[in-house]
Every structure is written in C-alpha cells, then in structure tokens.
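Trainee: As you go down the protein sequences, you meet chains A and B in turn. Going by the numbering used here, the first sequence opens with residue 3, and the numbers climb by one from there. Going by the numbering used here, the second sequence opens with residue 34, and the numbers climb by one from there.
Calculated directly from the structure, the hints in this document are not laboratory data. Please note: incorrect hints may appear among the correct ones.
To be verified - A few chain A residues that face chain B, going by a derived Cβ cut-off under 10 Å, partial list only:
| hint | residue |
| --- | --- |
| 1 | Gly244 |
| 2 | Gly392 |
| 3 | Lys492 |
In this text, a Cβ means the ideal position worked out from N, Cα and C, and glycines have one as well.
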Amino acid sequence: MFYKKSNVSSRLAAVLVVAGMLCAGSSHGADVENGKRVFKECSACHQAGEGAQNAFGPVLNNIVGRKAGSYPGYSYSGDLSKAGEKGLVWTPDLLFEWLDDPSIFLKSYLGDNNAASNMPVTFPDKQRREDVIAYLATQTEADAKDDGVLMSHGETPFDAKLMPNHDARPDPVDKLQHVRQKLVAPPMLPMHSQKATGEPKVVEIELTVEEKQWVLDGDGTEIWALTYNGSIPAPAMVVHQGDYVELTLKNPSTNLLVHNIDLHAVTGALGGAAITTISPGNQVTIRFKATKSGSFLYHCAPEGSMTPYHVTHGMTGMILVLPREGLTDDKGQPLVYDKAFYIGENDFYVPRDDKGDYKQYSRPGEDLTDWIKSMRTLTPTHVVFNGRVGALTGKGAMTANVGENVLFLHMQANRDTRPHLIGGHGDYVWETGSFASPPLKDVQTWFVRGGSVGAMLYRFKQPGVYAYLNHNLIEAVEFGAAAHVVVKGKWDDDLLKKVSQGPVSE
Amino acid sequence: MSKGNPDSLRRLLDDQKLALVICWGLMLVLALLLAGNLYMSNGEEGGSVGELPPFIAVQQPSGETLMVGATEVTVDQWRICEQAQVCPLLSEGQRGSSPMVNMSWADVRVFIRWSAARQGLPLRVPTKEEWLVLAAEQAAMKRKPLFTDPRMAWAADYDLTALPVERKTRAVTAFGANSLGIYDIKGNVWEWVAACYYPQPGLPIEVFGCMNGRVAMGEREVGLSEQLRSPGNTGCGGGQPPANVGFRLVYSALEAP
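Same shape as in the complex, but just chain A (with noise of 0.2 Å):
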C-alpha cells in the first residue's frame, strides 16, 4: 500500500524487451529470478526499483533504452558521459558486451585505448549477464517490486516520511523517562551509572556519518575514511540492559556515499541495517531494546562488498550494555569500576601503487575497486588503537593510579585479536562480551573474537608505564597495535625488585 501505481506503458516497454531478448535466441533463455539474485551483487553499488536512489553507481531502473550517462543527478565517469554523447543508448545487446568488461567495451565503442569505466566488476558468464539484464529490465522507475531485493540488507524501501506508525494505539515506552546521551570520542565513554536506578529509560543518541580524510600513521599515509561522528573507532554508547535506544542516523548532504547501522545489540532487521540505510541528505530514527547485557559492536553494514569496504574505513563503534544491577564476578558479587577505556582495532588495507607507494585519492569511495582488492588478500597495511599508529601513547595515553579497578573494552569488528597489558593482568575477563556469563579470572592474554567487543576489569597494583597491545606482536609493533597505560603511585618491592646486575659470575 506504500508504493506507487505503476505505470502501464513502462511495464509493457519491460515486457517487450524481456520477450524480445528469449526471442532472439539464448541457448537457456534468461532466467529473470536468477538474475534478481545475480543483482545482489550489483546491489553494492546501484539501487533499481521503487525509491532507487543513486549511490555509489546510478539508479538502473529504465536502463533498457536510456542515454548513457544520463541518470538524473549522477555524477558519471568522463569516458561514459562521452560514450552517451556519442549517442550510446542501452540495448539487451549493448549491455550483454558492456558487462563483459566495462572498461574493454568503452575503449572500443569510444575508440580510445586510455577510456576506463569507474565499473569495478565483471560479469565473464554469458549466461548470468543475460539473466541480469533479463532481471533490469523489469526495474521500472514506477514498479513496485517487494520482491526481496528491495527489502534486502542495505535497500531503503521507501522514505521515512511516508511510514507512519503501523500502530495507532499508544505505545507505553513513550511515556518512559526520556534522557539524550551526549557521545565522546574514544578512548573514553559518555558519562553513566554502572547501577540502574528506577525503570528502564529511553536514550536518545545521534550519530553523523562523517566522511574524511584520515592519516593513520606517522609516515602520512592518508585515506578518505568512513566515520560516525568524525572519529575512528566510532563513539561508544552506554545503556543498561532493559533500556530503549532512539537512535537517529544522519547522513548530511556533504557525504557521497550510503551509510546504515547493524548494531549487534539489537533483535531483528540484520541488526537495524535493513531499515537504517540513508542516502546523503536523509537520516533515520530507529528504536531498538537492549535486551541482553554485554559490550557488543556496531558498524556500517551496506550491501555485499560495501559492507567490509565500510567496515575497514572506520565505520565501527562499540554500545555497552550494562546489568541493571552493574557488573558482577561469578558469585554475583559486585564489580566496581573506577575508570573505563574503549579500545577500538581497526585494521586498513590501503593500496599501494606500482612502486610499492601507498595511493591518494581525491573523494572518498574512489579508492572502491583498488581497495576491495588490497582487502581480498587478508593482508592488512594497518592494524592500528584508535584509528592510527601511537594514537593511545604520549599525550593519548590512558592514565590511572595504583588501586584503581580498570574497565577496558575491546572492539575489533573484523579480525581476531588478543589483548594483553604487559606487566598487568586480566582480573575478571568477558571475552565474548556477554555480561550474563561468568568472567573468566587471572588471564594473562584473552581473545576477542572479530565482530565483538571484549571487556576486562584490573586492579592496577604498581606504577610506571604499561603497554597495552594485540599480543601478536607483529601486529603490534610493525602495525601500530599497542597503547600504553601510564599509572601513577608508590612502587611496591614485594611485587617487585632489582635484586642484583653485574657479569656472570663464573
């Protein structure tokens, strides 16, 4: 009942085509269902059906039959702009070729050896190309298809404003106390209360994507990143289990690319990324319960290869969800902290150029194509605290005193990571991040499995400088890593001391 009437004409012209290219003659005829599913792949990059918006590539509704280059409001590459002045209109067949190589077809319809599609896929299977097409060809600017690739993860189906509340009733959690969060930037968190007190609340935090440009190490090396609210890792948010999130997503009109949000707190709806994607100049508001305790991560979540290229680009946070009664050991006895520090691991793979240099790029997504190859190798150029290397030492370093409980909280939405706090402990450890389970206690080295945050509570027992780090120390010292905690107090000789130092005695 949401979308639109279609349009009669549209839909005999797609009819037509479909007809038209079984007619002329595939050995297996297109398969118009395999090629909705072929899409999805497509779907990283283009939007087709109703409320297509242009992406990181074009709206395709109407393909069949319209001007290269001439989608409302895209911001095509320079070869195809002039492809289409040339008079290039889509045809099945024109298509079938372009999709074998873009960037082969426009060096020979343009007869220029230099031109290059901004296309970074290819589609070698004749006959998964022509079941593509097949399937385009039915995306109409008027249909209304609620056909499972629309309503999948990373698709808005239609705009906010025209979704009321299905509800009429009343809902009873607008009448809980409403409180807004205000978010810091990492290592820290918003301020809270480690205990409940009354019923559960409505928090109201808002996040903006923030697409930038980031040095991640000290030789410069430079790249467009993916941000929530400017930072990387994104802010940590703070509720108690039982409470309501109100979380509004914003994406201004400065950014190119689409964002959303999976939150791994969150019960449906791939985590609300299903309903959160926005296009720059639109933002979302989606209500979530946190309905299991526990420190978990969150990131930007868009369609196929979009969702990792978003996730190595910074767009990773962390949400707490603390017990209403606070944390607790494996007795139930109250834990206490004193101090909280959220970790955030991001791991980057910027490409390099032919003489081993790392590229430049001049707005972000530019970088698509070379970096989904540089990430494909699992190898990354960076592994890095809070978005770049030596961000959490000098005058970033964490701080605490002697006698002091420590909460660390570590995030690493990708890749598996083993934190250690050299001349330290893990007192009482969450690996996974579930509050509901028992700590693990006295670990020297514990796991965090990539795409979950894990926390540890520590007593700090002596003073001086401590390195926190990703115990493969490859990671961390030729990486980036590694943190330090500086701790001020009295030095205690029993824990220990320098009994002597001299030449072997013989």
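Following the hints, position chain B against chain A.
Mentor: Okay, now just chain B, sitting in the frame of chain A:
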C-alpha cells in the same frame, strides 16, 4: 622534532668563545676549500668527498679540530654504497635528498667502514660529548621526570605531552644551519653516536659492543638496540622511541692524512 642539550655545555662553550672566534676564519676557509673539492671530483675507482656531505671544521673544548659532516648522510649517498654491493639495500621508498634512515647501527658501521676506506679518511660518528657541542645552541629540553623513584628510572622519561610520531623526513638542510654551519641539529632525524647506553648508574662499562643499547641523540638521549632498523614503531616497550635515526660523519683533523 627538536633536539637539545644541557646548559652546562653552553657554559663550557662560553669559556671557549675566544678560541672559537680565532678559529672562525679558519673554519670558513676550510669549508670553502672542501666544498670546492666536494663537487669537483667523482672518481670511479677511488672515493670522492662528493659522495659524502661537506665537512665543517669545529673546534672542540679540548682544542682539537673536529671535521663534522654539515648534514647527515643522505639516501643518495647511502645508495652509492648499495650500488657497490656493500651496504644492505634499505633505501627503497626513501627520498634521495633526505637523511638515510631505517638502518641499524650495524648497517651504519658497514657504511662507515666502506666509506672510510674509499675516502682514505678516519670516518666515524661523533661521541656523545662531541654531539652535545654541535647542539650547544639548541635550548636544552628540561622536562620534569614522570617518576622520581629510582626504581622507576625505566619509565621516568615518558612524555605525557608527546603527540604520535611523525616519520616523514625532509631534505637535508631543511631545518637550517646553526652558527657552526652544521645543518639540521634541531630537526629532521635523531643521530646515532659513539656511546653505549646505560639505563642505570653503576653498570659496568662495555667494551665489546653495547649490550644495553647504543645512544641516539636528539630531543634527549635514548638507548636503542644496535640491531634496530625502525625505532619509530610504537611497540611493546613502555618508552617513546624516536621516529627516525640517521647518522652524521665526523673525523679528527689530526688523524686525517
């Protein structure tokens, strides 16, 4: 990155002002002569001073004249040694006019041995005391130790105001010359010196290598493993290593042929 030295050395230099004034003219003449020689010879078989930075005569407090590389050894100069298949291939990705970095003390020794034989000069790096004389004009950086308990000397130098290290280097001479004509003492890279590092007082003097590390001078004195090529990586140690370490050649005028 800035470099500095203790005030005591400045006082020491004040006592030597007269000697410096007398030597000033001599230094200029020597510098001009050497600079002339520098870019004229380029022999294939033997060495060429052009393969090294120009040398400046600097009077030491002892009265000795020390010939000091006006700049650190550059990447281009290191590459000559690489091309001779003597030095390890470490210059890839480094800009030719910048100081050579990412080489260990062991690598530096290879370069010095090869270059000294090729040039017929008793080349070495400065001692810590000689380096401090070269750096006497830079303001001494006095930072309150983070910990005063001698049992925590290992952590006392930690700087809670330090920003993440910048590893980009600039072309030699970019940080200007001091009044001695020595370039980049106050910036660009740290420098290996001829001194072993002793993390605590009372440790036995080392004769056969530096087991506790070798000293690099810059913002302050640091001890680095002689095998370390990239000290700038922020790693598992509790300290704050320099981003880059290069080296400057010197030789005693008395020992030169």
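Trainee: Double-check Gly392 of chain A for me: the hint is only fine if its C-beta lies closer than 10 Å to a C-beta in chain B.
Mentor: Cβ of Gly392 of chain A sits 3 Å from chain B, so the hint holds.
Trainee: Quick one, is the Gly244 of chain A hint okay against chain B at 10 Å, beta carbons?
Mentor: violated (40 Å)
Trainee: Using 10 Å as the Cβ threshold, decide whether Lys492 of chain A counts as touching chain B.
Mentor: Given a least distance of 8 Å, the restraint on Lys492 of chain A holds.
The earlier numbered hint that this structure contradicts is number 1, and it is the only one.
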